[in-house]
Amino acid sequence: DTAVSQTPKYLVTQMGNDKSIKCEQNLGHDTMYWYKQDSKKFLKIMFSYNNKELIINETVPNRFSPKSPDKAHLNLHINSLELGDSAVYFCASSHLSYEQYFGPGTRLTVT
Amino acid sequence: ELKVEQNPLFLSMQEGKNYTIYCNYSTTSDRLYWYRQDPGKSLESLFVLLSNGAVKQEGRLMASLDTKARLSTLHITAAVHDLSATYFCAVDEANNLFFGTGTRLTVIP
Chain A
18 DTAVSQTPKY LVTQMGNDKS IKCEQNLGHD TMYWYKQDSK KFLKIMFSYN NKELIINETV
78 PNRFSPKSPD KAHLNLHINS LELGDSAVYF CASSHLSYEQ YFGPGTRLTV T
Chain B
50 ELKVEQNPLF LSMQEGKNYT IYCNYSTTSD RLYWYRQDPG KSLESLFVLL SNGAVKQEGR
110 LMASLDTKAR LSTLHITAAV HDLSATYFCA VDEANNLFFG TGTRLTVIP
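Chains A and B, in that order, are what the protein sequence lines are.
Numbers 18 to 128, taken from the working numbering, label the letters of the first sequence in order.
Numbers 50 to 158, taken from the working numbering, label the letters of the second sequence in order.
Do not rely on the hints blindly, as some may be mistaken.
Said to hold, decoys possible - Taking lysine-lysine and the DSSO-like style, the derived pairs with C-alpha atoms no more than 27 angstroms apart in a straight line are:
id : chain 1 : residue 1 : chain 2 : residue 2
1  : A       : 61        : B       : 52
2  : B       : 66        : A       : 58
3  : B       : 90        : A       : 88
In case anyone wonders, no lab produced these hints; they're calculated from the structure.
Taking the hints into account, I'd like the entire structure generated from these sequences.
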């Protein structure tokens, strides 16, 4: 049973394209997150959603937009991809303010 | 801006030895997490520390939290090769995790 799943696992695309990464959790959690891990392995929060409402929006480019169709899903849309967007993107979820469970990650490579 | 600093960044140690990883942070949060990440893998939750003085142990790993000193430690006892991984501490500030830089641990047989 996969708790937090992401698709795709790998994504290779060209600069200027628009892409989406999907995330689903079957834990019944009420909050979902997106993190970016750069080439130096540094992890940084991008967004979090609680009951379909954006509650944290870090200083990320507005080319990135989270979309949550329901409590179990938080998708990440990226417009006009740039080379610097290459990274591993992790989705996570939590119940209230308890520990976060992470998905397997999506490795995005922009060429 | 909240800062979370881990040291060392890289740690190479022989099997059977003991060592401690340190995590210093700049906020007054009393919620701190330790995660393990294997190469190419996701983050695995190791410890959840939710109050000052909290101490948790699992196998050869023990984590502690001193909120007054804004310091958490991850102690490794009698290291084995299977512990080789990158370890992250993360401070919870308003349900938002701020990660340390990570400590890449290599245990040498």
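So, going through the hints one by one against the coordinates:
1. For the proposed pair residue 61 of chain A and residue 52 of chain B, the alpha carbon gap of about 12 angstroms is at most 27 angstroms, so the pair holds.
2. Among the hinted pairs, residue 66 of chain B with residue 58 of chain A is consistent with the structure: their alpha-carbon atoms are about 26 angstroms apart, no more than 27 angstroms.
3. At roughly 25 angstroms between alpha-carbon atoms, residue 90 of chain B and residue 88 of chain A fall within 27 angstroms of each other, so this suggested pair holds.
Comparing the model with each earlier hint shows no violations; every hint is respected.
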